[in-house]
Amino acid sequence: MSARRLPSGGRIDRSQVLRFTWDDRVMSGHPGDSLASALMANGEQVLGRSFKYHRPRGVMSAGVEESGAMVTVGEGARRDPNVKAPMQELFNGLTATGQNAWPNVRFDFGEVNDMLGRFLVAGFYYKTFMGIPPFEWGKGTGAWMWYEKFIRKAAGMGSASREADPDQYEQGHDFCDLLVVGSGPAGMSSALAAAEAGLDVMLVEQDWELGGSFLSQTGSESKNRCADMVASLNNAGVRTMLRTTAFGLYDYGVAGLLERVTDHLQSPDPYQPRQRFWTVRAKQTILASGALERHIAFGNNDRPGVMNAAAGRAYVNRYGVLPGERVIVATNNDSAYHSAIDLASAGAEVTLLDARSTLPGELSERIGEAGVSLRTNTVPLKTKGRLSVNGLELAVISVNGWRARGAESCDAVLVSGGWSPVVNLMSHRGVKPKWDAENACFLAPSRHETIQMAGSAAGYWRAADCELSGIAAGSVAASALGKKAKSLVLPPIGGWDLAIKPVYEVKVPGKKLKCLVDPQHDVTAEDIRLAHREGFVSAEHLKRYTTLGMATDGGKMGNVIGLALMAEALGREIPEVGTTTFRPPYTPVSIGALRGRSVDEHFRPLRRTPMHDWNLSNGATMTMAGLWHRPWYFARQSETISEAYVRETETTRKTVGLCDVTSLGKIAVQGPDATEFLNRIYTNPFAKLPIGKARYGIMLRDDGFVMDDGTTWRLSETEYFMTTTTAHAGKVMVWLEELLQTRWQDLKVHVTSVSEQWAGCAVAGPESRKVLATCVEDASVMDNDAFPFMGVVETKLKGGIPCRIARISFSGELAYETYVPSDYAVAMMDLLWPQAEQSGGCLYGLEALGAMRIEKGHVTGAELDGRVTIEDAGLGKMASPKKSFIGSALRNRPDMTREDRPKLVGIFPKDRSQTFNAGAILCSVEQVSGLGEGWITGVTHSPVMGHWIGIGFISGGHEAWAERTAIAADPVRKGNTEVEIVSPHMYDPSGEKMYG
Amino acid sequence: MIRIKCPFCGERDHSEFTYGGDASIVYPALDATAEEWHEAVFMRENIRGMQTETWHHVNGCRMWLIVQRDTMTHEIRSVRPAHEGLAGVLEDDR
Ligand SMILES: [Zn+2]
Numbered sequence: 001m002s003a004r005r006l007p008s009g010g011r012i013d014r015s016q017v018l019r020f021t022w023d024d025r026v027m028s029g030h031p032g033d034s035l036a037s038a039l040m041a042n043g044e045q046v047l048g049r050s051f052k053y054h055r056p057r058g059v060m061s062a063g064v065e066e067s068g069a070m071v072t073v074g075e076g077a078r079r080d081p082n083v084k085a086p087m088q089e090l091f092n093g094l095t096a097t098g099q100n101a102w103p104n105v106r107f108d109f110g111e112v113n114d115m116l117g118r119f120l121v122a123g124f125y126y127k128t129f130m131g132i133p134p135f136e137w138g139k140g141t142g143a144w145m146w147y148e149k150f151i152r153k154a155a156g157m158g159s160a161s162r163e164a165d166p167d168q169y170e171q172g173h174d175f176c177d178l179l180v181v182g183s184g185p186a187g188m189s190s191a192l193a194a195a196e197a198g199l200d201v202m203l204v205e206q207d208w209e210l211g212g213s214f215l216s217q218t219g220s221e222s223k224n225r226c227a228d229m230v231a232s233l234n235n236a237g238v239r240t241m242l243r244t245t246a247f248g249l250y251d252y253g254v255a256g257l258l259e260r261v262t263d264h265l266q267s268p269d270p271y272q273p274r275q276r277f278w279t280v281r282a283k284q285t286i287l288a289s290g291a292l293e294r295h296i297a298f299g300n301n302d303r304p305g306v307m308n309a310a311a312g313r314a315y316v317n318r319y320g321v322l323p324g325e326r327v328i329v330a331t332n333n334d335s336a337y338h339s340a341i342d343l344a345s346a347g348a349e350v351t352l353l354d355a356r357s358t359l360p361g362e363l364s365e366r367i368g369e370a371g372v373s374l375r376t377n378t379v380p381l382k383t384k385g386r387l388s389v390n391g392l393e394l395a396v397i398s399v400n401g402w403r404a405r406g407a408e409s410c411d412a413v414l415v416s417g418g419w420s421p422v423v424n425l426m427s428h429r430g431v432k433p434k435w436d437a438e439n440a441c442f443l444a445p446s447r448h449e450t451i452q453m454a455g456s457a458a459g460y461w462r463a464a465d466c467e468l469s470g471i472a473a474g475s476v477a478a479s480a481l482g483k484k485a486k487s488l489v490l491p492p493i494g495g496w497d498l499a500i501k502p503v504y505e506v507k508v509p510g511k512k513l514k515c516l517v518d519p520q521h522d523v524t525a526e527d528i529r530l531a532h533r534e535g536f537v538s539a540e541h542l543k544r545y546t547t548l549g550m551a552t553d554g555g556k557m558g559n560v561i562g563l564a565l566m567a568e569a570l571g572r573e574i575p576e577v578g579t580t581t582f583r584p585p586y587t588p589v590s591i592g593a594l595r596g597r598s599v600d601e602h603f604r605p606l607r608r609t610p611m612h613d614w615n616l617s618n619g620a621t622m623t624m625a626g627l628w629h630r631p632w633y634f635a636r637q638s639e640t641i642s643e644a645y646v647r648e649t650e651t652t653r654k655t656v657g658l659c660d661v662t663s664l665g666k667i668a669v670q671g672p673d674a675t676e677f678l679n680r681i682y683t684n685p686f687a688k689l690p691i692g693k694a695r696y697g698i699m700l701r702d703d704g705f706v707m708d709d710g711t712t713w714r715l716s717e718t719e720y721f722m723t724t725t726t727a728h729a730g731k732v733m734v735w736l737e738e739l740l741q742t743r744w745q746d747l748k749v750h751v752t753s754v755s756e757q758w759a760g761c762a763v764a765g766p767e768s769r770k771v772l773a774t775c776v777e778d779a780s781v782m783d784n785d786a787f788p789f790m791g792v793v794e795t796k797l798k799g800g801i802p803c804r805i806a807r808i809s810f811s812g813e814l815a816y817e818t819y820v821p822s823d824y825a826v827a828m829m830d831l832l833w834p835q836a837e838q839s840g841g842c843l844y845g846l847e848a849l850g851a852m853r854i855e856k857g858h859v860t861g862a863e864l865d866g867r868v869t870i871e872d873a874g875l876g877k878m879a880s881p882k883k884s885f886i887g888s889a890l891r892n893r894p895d896m897t898r899e900d901r902p903k904l905v906g907i908f909p910k911d912r913s914q915t916f917n918a919g920a921i922l923c924s925v926e927q928v929s930g931l932g933e934g935w936i937t938g939v940t941h942s943p944v945m946g947h948w949i950g951i952g953f954i955s956g957g958h959e960a961w962a963e964r965t966a967i968a969a970d971p972v973r974k975g976n977t978e979v980e981i982v983s984p985h986m987y988d989p990s991g992e993k994m995y996g
Numbered sequence: 001m002i003r004i005k006c007p008f009c010g011e012r013d014h015s016e017f018t019y020g021g022d023a024s025i026v027y028p029a030l031d032a033t034a035e036e037w038h039e040a041v042f043m044r045e046n047i048r049g050m051q052t053e054t055w056h057h058v059n060g061c062r063m064w065l066i067v068q069r070d071t072m073t074h075e076i077r078s079v080r081p082a083h084e085g086l087a088g089v090l091e092d093d094r
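The listed protein sequences derive, respectively, from chains A and B. Take the first sequence: its position 907, counting from 1, is numbered 907 in our numbering, and each next residue is one higher. Take the second sequence: its position 53, counting from 1, is numbered 53 in our numbering, and each next residue is one higher.
Next up, chain B with everything else stripped away, as it sits in the complex (with noise of 0.2 Å):
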């Protein structure tokens, strides 16, 4: 069970959270090509290592999440909000 450290909440258990996805991916302008589209949508890595991904808090405080994870070994590294607004008003609390 991997315990991720919400910034919101604290340590829980990997059960309370849903995994998104890849983090990294840049989501074209709606108005993209679909060739931009499918290249977000399907060409992903299959990384064994560090990944950058989403979590979703949703039996928690339903935040998205952005977590630093190894693939291979389940450390976390960081986890912070996925909205740059809310990750500011974190860092201004501390």
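Excised from the complex, chain A in its bound form (with noise of 0.2 Å):
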């Protein structure tokens, strides 16, 4: 016989009917079930299969502790693995399977490992697979590796959908004067008094219902004090969120909720998030996370029908689910007494073991009355059954331990072996929670920062003093914020009426059990001792190689009684083993809910130029450059990108190109100390940078690496608009503030970000000069002698449109920067654009400027990656010996200035048909092998050269390497390429083109 649905009573609805699907076949439930409720009120008893042995596995709690009803819920894309049944609340259409079992877990094959179990005991998979020929000889972690596969598949839990995840999440920010976790009568109260004293009070509740401990007691009086307190809540203005865990405590009071907004709704609204994940910033906060009922070892402690005894009493008054007929419910604390007389009381017959040789006074009178039979000094030795429990064998009390006496036939064993003080969210908070021996449990101190235990998570077990705490602690919080509030006198913690007698493993001389710890990761008490007995005498240690305590349930059910059975084997107390640390999530927290909304396209913000639309409407086929939008390329009729841009460079280079330059940065440097800041950040003297006049500058950081580059425009006096590196713009910005805000607040000077405020079109090639003078009100501007290399103009494009430019080259040509500001861009290439078409020029774009920029040997931030001096891009004349920049002290120590160090170079291909990858390593022909000679950067098919080329850096560059053959290794993508090794400057070399 097995569980069954009682004909009244418990929270549920029985008027209305829920239809779910278990295993492909359709059962019933009532609104206000959880699935696990309702499972057992099927008669359903295996409900999943255990980790390693495959064991069947039934119900063995009521809450998130849940260590055997670990299920899959949901299908396809929505397959979600690993659900605890009693956390799932019941709806219409549920779907649900059990996992980690073939073909289902009623019959399951892989049940043989449980057979071979004595194989498989702590650390099984690392000692054999590890050492196993012909692998034997130090490659075990090979062997290891390849394995491994197979062993995960053997042994694990339920399995995640391939498939995307088609749900949104969202993220969601809130504040409070007062958090609250936990709705039992602690919580309820902490919330009240806090609210009443004028606080703004949120309390979190994991459940789909208010209470807490209330919801799985009997009678009126409860029943109304909870409904009593639901409803001042409501009347103070107590924020409450359900489905709600707070699932990490972290610094200032912040705290990481997360709210499952959809998952028990069988069709949610579409516009509705799944869950939200929620960022809370509270002032102070109150823990009244309850307690956890603890198992006891014993021989085969986790066979359906074995479950903790608070949870029995929450199936048969939550649920109105009987677990059994035939009930023995064992303890060693008075909590159990209740549970014994609630399950007596609906019909069960049941016998209540206790290991306590007294009894507590009222309760056991209160036994007696309700027909519940009484052991005392009696202890559960092992289970009998198979697919479920049908009766336990018993041990008593002798001189030395437990001796083996007798057995009973039962259908359910309801277990207590303590409670164990939800300390978690404190222990996130670094706070080592200390063992009270009194009440065998550990504890967090009452208060630390801003956080407060109350209730039994502060170790009181009755709800009267629950309350009491729960009301204290509200007062002291609105205390701290400055409200007035009563102070409490609170009752000595614990409460029992006989205190608890610590049994944590019931094992008799030459029997043989397997007893489980932590049953999610199938770790027993023999494991324990095994590991002890080969070295593992750190609890630590222990821990690791047993796994106890890693599942899903973070050592929820393990941890005491695995410390406790350490400390047995070393011969020390509890304390002396360790302690339990826990870390965040309290519970499970989906992937999804912690990316939100950053998700594909808004995985990360997008920047887009001014003229992005303009580009778009003129053919741009557009690439991601960082976080910028940018044209890579403009396909004329059906031209592939390598024709568009080689077109693109050819054109450039003959007549005319424009290009969108946009996404450089740019900052206004003004103040009448701009030009000494620059002359300190720049290698190259800046001092004397006459008006009207723009100088490419190197940036070093201060341990003498190469920061940035770009050029800077002075515009006045005291006004300069400095240009950066696409890629290092916001880093430069950063770094500048830095120096004028810390080290150099005497200088007066302001810098601004301008990028977004100015739109830049680069116009390159030997017919610039002339469509630039078409488009620009004063065409005299654009004189050769007005306006040579490196000059700087501001004057106004045609129709009055404000502009900047510089003449500068990218790409080796004749070339201007032209600026407006970024409400003109498009204004600015509706002029440009006809007078560059007239030109016979064209648009180009990202990969025809690289092309450009390689021929030319220009580095840009692939080359600048942080690991290169000014000499190893071949700019070392850039540094002025004449004064002292940032860098200049530290550029020159013996490392950085070692003739070997890789340099700048141009490679070729040395048959000029093949070509090479970026990122290859360049090796020489001796040694193709190990870190090699250098790298390199970029590659291109040059249309000046007639073949691709490349830029990189190689050891003591091209001098060095004049005579020589290096291989451009590539060994996993295209394979190997002899090369040459040539200046990085392959295309007009001498700059006449530029300056001409």
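Read the hints as simulated data drawn from the structure, not as lab findings.
Derived lysine-lysine pairs resembling BS3-like cross-links, with alpha carbons at most 30 Å apart: (1) A/Lys501 <-> A/Lys512; (2) A/Lys693 <-> A/Lys770; (3) A/Lys654 <-> A/Lys798; (4) A/Lys693 <-> A/Lys882; (5) A/Lys688 <-> A/Lys882; (6) A/Lys910 <-> A/Lys654; (7) B/Lys5 <-> A/Lys484; (8) B/Lys5 <-> A/Lys432.
Assemble the dimeric complex from its two separately framed chains, guided by the hints.
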């Protein structure tokens, strides 16, 4: 016989029937059911198979600590594995399946592992597969990696869907005076006390109903008390959040919450997110997170039908499900007496085993009245049965430990081995819980930072004491925030009539038992002793070796028993062995909630230039450059990318090309000391840069490596327009602000990022002057003499568009960069492009830009990667010997001036018909292995040279390789290519095109 | 999550800021020796306890701040603008 639904009672609505599917079988339940209670009511006992031994498992609890009824909920892309059935609210149409079993949980071939159990002890996989022949001669890791994928398949839990997650998730932020975690007697009373004192209170509850332990109590008194408190909370304006777990507590009262918005709905509103991830900043926090009941390690204590005692009470009183007809309740403390009484009152035949020799007075009378038979000095030794419990062997106390004493038949075993207050969130704050021997549990300090513990989470066992401790904590929180609140005298913690008798494991001499400590990871008491015998004497090592506490419950079930067994093995007391350290999250958080809306195109911000649409309507194919969307190439008719960029390069070099360069960083440097400032941050002199001239400059970091490069234009005595690379624009701005605000506070300089304010277009090629001359209002400003190389003019484009133009060249041709205020970007292009087109010109994108700069040997972010000195980049002559600048002291350290450092070079394929890839390693012919002699940063087909070329770095630079062949080693992509190392200035090295 | 009271913007999440470094470093003059620079740039204390450090309110007012923070507990004792002149102006406003 198994569990059954009672005809009345509980908080379920019997007038409505919900249909759900379990392993392809249709079943029914009621609103208010959890999946676990509904499955029990339908007579299902085996709901899962264990991780390693594939042992049959049933419902073991009624809460987050569940380690037996782990199921997969949903189908297809919405398949959600390892859902704890007691935490899943039942809804019409829910689909759930058993996991870690084949063909199903009731008949699983993997169960053979259980018979082989003696070979699958702690560390078995590591020991066996890391040294197995033929790998045993020191290649163990390789063997492990090979076997691991098969082992992972055999030992596991549910599997996630491989389809993309179809759901949306949201992230929210909130603030409050007081955050209360948990809505039991302590949580509700503290929220009320604080709200009545005037605080803005948020109360979060992981369940779908407020009430905590109230929900599993009988009697109209507690029901009314609960309903009254819920009503008062609403009246007091407390903001309550159901189905919301506070999963982590962080610095400064910041809490992470996970709100399950639609996981309990059959057909959610499509505009609702599945879950919300909340970041809440609370001035005060009260943890009324309750306590979890511990089990006891005895033989086959994981067999379906064994659950914790409080869970048995919850199933009867909250869900109207009787776990068994013939029930044995085994306890070492007072709390299980209530379970025994309630199950007996609901019609079960109940025997109560108490490990203690004396009885708690009033409670023992009440169990007598309820018809519960009682045995003292008695504990469970081993369950009998196969897929479910049909009996229990017992043990009684003797002079030296426990002694077997008979057996009883039963169909359910409810166990209480004591209580572990949920100190997890306090533990997240780095607080070490302390062992309280009297109550046999770990307790956190009642107060730390702005956080307080209340109720059973603080070690109060009686509901009335929990309420009092809640009121006290709420008042303390209110006083801390300057509100008037009464102060209370608290009762001592604990509160049982008769003290708990610690029992962690039951074993008798000569009897081999499989006593589960951490059922989710199949860690047994014997595993812990074995690990100890093998030398794992530190609690931390022992945990890792046995994987105790590392399953999805995070040690909620097994940690304390595990510590107790370690203490026994080491001959020490529990506090000497260690403490329990909990880390976020309290319960698992879906990756979807963590990512929120930051997905697909929202994964990172997107930056568009003000001429984005103009580029698109003129045929641009776009590409990403950092966060920027930039034109990649402008294909004509059916051109491929390579045909397009080769044409763009050739056209630009022959006539003229236009390119959107808005993404370059632009900084206004203003103030009387601007010149001095620039002179300190650039390696080359800026002190004598005339107004109306630009200068190419290099910045180093303090450590002497190159930070960035760009041109800076002098607009007036006190104003400069600095450009940076696209990649480093943000970094350079931060750096300038740091220097001005921290080191050089005396300099009167202001820097402003104007990257967004100015739109830029490069006009490059022999016809560029002619094109610009037709577009400016006063064509004379474009005269060669009036506007020489590196000249700057501020003028107007036709139609009165303000603009600034500098004659600078990245392409190596006669070229200008023209900037207009962003709102005029399209107007500028509409002026320039018809003129360029008339001159036979083109629009060009990033690919052609890259090709031309590689031909010219100009560096970009790919070369200036933070490991390059100014000499490495071939720009040593830009470092002034006559002045000091940032980085000048440290750039001359011995290793940074070595002759054999990798230096910027050009690269040709030896056989000109060949090519090679960026990212290839440059090696000498003699040694094509190891770290090589250098690397390739950029590769393009050069229309000018008629073959592929590259740019990169190699030891000693091109002079050292004048007579030598190098290998571009690229073993995992296109293989090796013989290359020639040449000067990086592969096109027009004298620069006459640029200056001409 | 550390919360930093920016003197200009108020209390904000640390995700709005970027960490700078040890604020007690006095950077030598640009023409100082390589040894002096080496000392300032590379030889850093790994302080356990109260540390004076710089933070940049990069997603806020863009001000560099001097923060006294306990590296063990994240307790922040004080926050002030790195720029003395700005600190002075704030004082005057009070
Ligand atoms: Zn700020």
